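Residue numbers (the working numbering): 1 to 213.
Hints are not guaranteed to be accurate.
[Stated by the list, open to error] Restraint ranges, calculated between C-beta atoms of paired labels, are given here: (1) T67 / G135: 17 to 25 Å; (2) S39 / S178: 28 to 36 Å; (3) A59 / D99: 41 to 49 Å; (4) A42 / P166: 43 to 51 Å; (5) R194 / A171: 19 to 27 Å; (6) S190 / D99: 36 to 44 Å; (7) S113 / P166: 20 to 28 Å; (8) A24 / R145: 19 to 27 Å.
Since the hints were made in silico from the structure, they are not lab data.
None of these values were measured; they are calculated from a predicted model.
Yeah, the Cβ is synthetic: ideal placement off N, Cα and C, and Gly gets one too.
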Amino acid sequence: MSTAVSERLRLPGVRPPKPLLAPAAEQRLTERQREILDSLEALVVRGGLADRTMAEIAARVNCSLRTLYGIAPSKDELVLAVVDRRLHRIGRSAIEALDPHLPPLESLRRYLSAVSEAVQPVTAECIRDFASVPGARRIFEGHERYVIAVAKSLLDRAVREDVIAPVDTAAVAHVLGSLGREFSRPELASLIARPAKETADAISELILRGLAR
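Can you build the whole structure from these sequences, using the hints too?
See the structure below:
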């Protein structure tokens, strides 16, 4: 079902960021290497991976250094590839789950809730770790631009269908698309009452209700 829905959904001009680990490259990996990528994702989410050497990482996931270097040529590139792979998986699932027959605001509501899953289990330590890796900012910004572009496309559709009043859809999409990143900042963790995902979802809901006619 998800593949068919994905093919019918129309998001003109919206393209996801290019993955660091191309689909063809991932297909060439062994089954064991793909299992290691899944294990590394869990380690990245918990934090503390950035301070470890490749040898220590290999020991944590019970594999050889050669196996790790077969995935990425350096620790930084390995961490970037793992995080980028996770963000692509979450974003792809969010798009594939959308029913094109839903009203645009409901589609947007479901999409934003799905992509905010990216910050749900992430610890403050993980965010600090990843921010210190060269190239991390570019990865985050690329995925955020994609979320914003999807949001703008659905808002534009809502305006065309007279579901919402004419509005600066680019500005609203920017606010909606950056909520997850904003509330996952380590310095805000002790200031907000709820987890980052719950906070982002609640504010998205307030904005969407305010837009609806």
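Open item on the list: Need the list of violated hint numbers for this structure, in ascending order.
Closed with: none
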